[in-house]
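Go ahead and model the full structure; you've got the sequences and the hints to work with.
There are 2 protein chains.
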Amino acid sequence: MSKINVAVVGATGAVGREMIKTLEQRKFPVKNLRLLASSRSKGLTIQAFGKDVEVEELNKDSFNKKDIRIALFSPGSKVSKIFAPLAAENGVLVIDNTSAFRMMEEVPLVVPEVNPEDAKKHKGIIANPNCSTIQMVVALKPLYDHSRIRRIVVTTFQSVSGAGLKAMNELRSQTENYLKNEKIKAEKFPYQIAFNCLPHIGDFLENGYTQEEEKMIKETHKIMHDSEIKITATTVRVPVFIGHAESVNIETQEKIPVNKAIQLLKKGKGLKVIDNPEKSEYPLQIDCEGKDEVFVGRLREDTSSEKGLNMWVVSDNLRKGAALNAVQIAELFL
Amino acid sequence: MSKINVAVVGATGAVGREMIKTLEQRKFPVKNLRLLASSRSKGLTIQAFGKDVEVEELNKDSFNKKDIRIALFSPGSKVSKIFAPLAAENGVLVIDNTSAFRMMEEVPLVVPEVNPEDAKKHKGIIANPNCSTIQMVVALKPLYDHSRIRRIVVTTFQSVSGAGLKAMNELRSQTENYLKNEKIKAEKFPYQIAFNCLPHIGDFLENGYTQEEEKMIKETHKIMHDSEIKITATTVRVPVFIGHAESVNIETQEKIPVNKAIQLLKKGKGLKVIDNPEKSEYPLQIDCEGKDEVFVGRLREDTSSEKGLNMWVVSDNLRKGAALNAVQIAELFL
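Chains X and E, in that order, are what the protein sequence lines are.
If you read the first sequence in the working numbering, its first letter stands for residue 272, the second for the next number, and so on.
If you read the second sequence in the working numbering, its first letter stands for residue 272, the second for the next number, and so on.
Do not take every clue at face value.
Which copy is meant is left open, because identical chains are indistinguishable; a pair holds if it fits in one copy or across any two.
Think about it this way: if two alpha-carbon atoms lie no more than 30 Å apart in a straight line, the pair counts; the simulated DSS-like pairs of lysine-lysine are [as the list claims (entries may be wrong)]:
{"hint": "1", "residue 1": "331", "residue 2": "352"}
{"hint": "2", "residue 1": "538", "residue 2": "550"}
{"hint": "3", "residue 1": "501", "residue 2": "313"}
{"hint": "4", "residue 1": "352", "residue 2": "531"}
{"hint": "5", "residue 1": "451", "residue 2": "437"}
{"hint": "6", "residue 1": "526", "residue 2": "550"}
{"hint": "7", "residue 1": "292", "residue 2": "543"}
{"hint": "8", "residue 1": "349", "residue 2": "531"}
{"hint": "9", "residue 1": "526", "residue 2": "489"}
{"hint": "10", "residue 1": "543", "residue 2": "454"}
{"hint": "11", "residue 1": "391", "residue 2": "274"}
{"hint": "12", "residue 1": "562", "residue 2": "454"}
{"hint": "13", "residue 1": "352", "residue 2": "550"}
{"hint": "14", "residue 1": "437", "residue 2": "550"}
{"hint": "15", "residue 1": "292", "residue 2": "578"}
{"hint": "16", "residue 1": "292", "residue 2": "451"}
{"hint": "17", "residue 1": "456", "residue 2": "550"}
{"hint": "18", "residue 1": "302", "residue 2": "331"}
{"hint": "19", "residue 1": "349", "residue 2": "550"}
{"hint": "20", "residue 1": "322", "residue 2": "392"}
{"hint": "21", "residue 1": "543", "residue 2": "456"}
{"hint": "22", "residue 1": "526", "residue 2": "349"}
Source of the hints: derived by calculation from the structure; they are not laboratory data.
Okay, here's the thing in structure tokens:
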């Protein structure tokens, strides 16, 4: 396989660092790796592919040399809005992890296990979906292919790493302060996250939903190519460092018995079923860290609906929820 | 008001201690307070009503003197099964916080804001419902009275105090060990609870549900006197010390617009609405500690159903979820 030049933009963030790690672990054929970030991180070095790579400042000329084939972007939505189009104009295929382009009609929103064919329609930018959406659609895809999903009621348990490295540090320092009976400062989160759950991710919209909840609804429609799926979501930040969990309730067009659902999920792409209640085995956030799969368990018939199922879906939000999914999209073009 | 003799059985546990505190705070007319517990706690003293009260060992003769009018029980289900009937035979009105009697037809299961009239039908024992059930039915009652509730899909975020004092200590010690990079031991919980969520409360049943999930379904039917409400539940333990939160999705017979629902909830008994998304105001577990109310917020139209609503329900599981509800039942008999 011929090697190509790759850039990671937002290389020093939680997702950026995971992107570098994932490129290495998957032996992505990188010729030259360029790491770009804001001026604050300029001059830092990060170990990648056995070398110390210096972080460069992202600026308008970063892509002028037209030497980069693929750039994985995760610098925050505002920065992506400016620099992803600049990169694309210079012939770079941008895979952007922010929310900047996800809902634009001309930008494919891709989960390789679900809609890889959409990637080919790109015009320079491909969007990586929101972390909580990715793991849900990976889990739902094999069921949907068996019987259309009519309705989804989802409640999430999202780790702080979804809000970045500073948020992880805030959970740690708040927890230390709590245990020492010291004052707790909330900066990244609106309130204390240590030993507390916050039903508030992203800004609030007029209809009372948060941006995160809206993303789960709209992105699922776009990825699944089915805007008739009725979806409601409640997204909650929990005091967990890495890994999102989701309590997913679905109703399907035809009844899918639990045993059949487990069979379908076991054959599903990117999925691992952990479902042995008699041995107290089910997916856990602490177990998913650093793993590639979306884990599904606690499969049960919905006692409130004839064609309903409940399940518990867990994945590493920095990997499948972000970095891994982006790298998998890049791999579609090798 | 004439004073009466009261006993607290299981007085040294997390709920027992809260029962004593609640009796004091509500100025319950206690003449003599007897504190009973297992032999391990015999001889301990607990401050109550300005005195040091010695803890007595619970045994078969504890109620022989027929001097106790009301006993609040929270010693664990197995102990209640033996001693609550003995107490009742000796003329004591037992208000039992365990699951031992809840589903027995002749035992009323009472939430004073919802079905106070059931209390009068007791034959010596009244059961206090499960914590996660109590706060949900308090929140649903005013809506139900306006339009019957057809379906409930609930996912809980339950604090460790619901599993007792040892569980609270386990969260603390696991958290300390985690932060020091030391080995983590799980004893009260099947896995690490520090920085992790466990979708497992109570034992697993054959249908894949846990006992806790089954309680939410069956107890709600009994308290609401409506077994036609279709209910499914996913109950999850989260690393929070005190306070349960619930993501509740309901469908009603007639549509209840959000504004109307908020109006109804504001007039509801034992409820407080905190719902100002524009100011980032919603109920939080850390804020409910020590408070009596059930807090409701994040009221939204369900985007997946024409007659659906989402809400976020939070309460102190040791108070309204246990001790306070028991004392309120006792107050019905003053």
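Taking the hints in turn, this is what the structure says about them:
For the homomeric pair residue 331 and residue 352, the shortest alpha-carbon distance inside one copy (12 Å) is at most 30 Å, but the shortest distance between copies (74 Å) is not. Taking the closest pair of Cα atoms, residue 538 and residue 550 come within 30 Å of each other only inside a single copy of the chain (22 Å); across copies the shortest separation is 46 Å, beyond that limit. For the homomeric pair residue 501 and residue 313, neither the shortest alpha-carbon distance inside one copy (46 Å) nor that between copies (58 Å) is at most 30 Å. Neither within a single protomer nor between protomers do residue 352 and residue 531 lie at most 30 Å apart by alpha-carbon distance, with minima of 44 Å and 41 Å respectively.
Proximity of residue 451 and residue 437 under a CA criterion of 30 Å is satisfied in both settings, with 21 Å inside one chain copy and 19 Å between copies. Taking the shortest alpha-carbon separations for residue 526 and residue 550, only the intra-copy value of 27 Å comes in at or below 30 Å, while the best inter-copy value is 43 Å. Proximity of residue 292 to residue 543 under the C-alpha cut-off of 30 Å is restricted to the intra-copy arrangement: shortest distance 22 Å within a copy versus 48 Å between copies. For the homomeric pair residue 349 and residue 531, neither the shortest alpha-carbon distance inside one copy (44 Å) nor that between copies (38 Å) is at most 30 Å.
Taking identical chains as interchangeable, the C-alpha atoms of residue 526 and residue 489 lie at most 30 Å apart whether they share a chain (25 Å) or sit on different chains (24 Å). In this homomeric assembly, residue 543 and residue 454 come within 30 Å of each other (Cα to Cα) only across copies, at 27 Å, whereas the closest approach inside a single copy is 42 Å. With identical chains, the CA atoms of residue 391 and residue 274 are at most 30 Å apart within one copy only, with a shortest distance of 20 Å there and 80 Å across copies. Taking the shortest Cα distances, residue 562 and residue 454 sit within 30 Å of each other only across copies (21 Å), while inside one copy they are farther apart (36 Å).
In this assembly of identical chains, the alpha carbons of residue 352 and residue 550 lie at most 30 Å apart only when taken from different copies (28 Å versus 48 Å within one copy). In the homo-oligomer, the alpha carbons of residue 437 and residue 550 lie at most 30 Å apart only across protomers (23 Å), although the nearest pairing inside one protomer, at 37 Å, exceeds that limit. Within a single copy, residue 292 and residue 578 get their C-alpha atoms no closer than 41 Å, and across copies no closer than 47 Å, so neither meets the 30 Å cut-off. When the C-alpha separation of residue 292 and residue 451 is checked against a cutoff of 30 Å, the pair qualifies only between copies, where the shortest distance is 25 Å, while the shortest distance within a copy is 35 Å.
Proximity of residue 456 to residue 550 under the C-alpha cut-off of 30 Å is restricted to the inter-copy arrangement: shortest distance 19 Å between copies versus 41 Å within a copy. Taking the shortest Cα distances, residue 302 and residue 331 sit within 30 Å of each other inside one copy (23 Å), while across copies they are farther apart (80 Å). Taking the shortest alpha-carbon separations for residue 349 and residue 550, only the inter-copy value of 24 Å comes in at or below 30 Å, while the best intra-copy value is 47 Å. When the C-alpha separation of residue 322 and residue 392 is checked against a cutoff of 30 Å, the pair qualifies neither within a copy, at 35 Å, nor between copies, at 77 Å.
In this assembly of identical chains, residue 543 and residue 456 lie within 30 Å of each other by CA distance solely across copies; the values are 26 Å between and 39 Å within a copy. Taking the shortest alpha-carbon separations for residue 526 and residue 349, neither the intra-copy value of 44 Å nor the inter-copy value of 40 Å comes in at or below 30 Å.
Of the numbered hints stated above, those contradicted by the structure are hints 3, 4, 8, 15, 20, 22, listed in ascending order.
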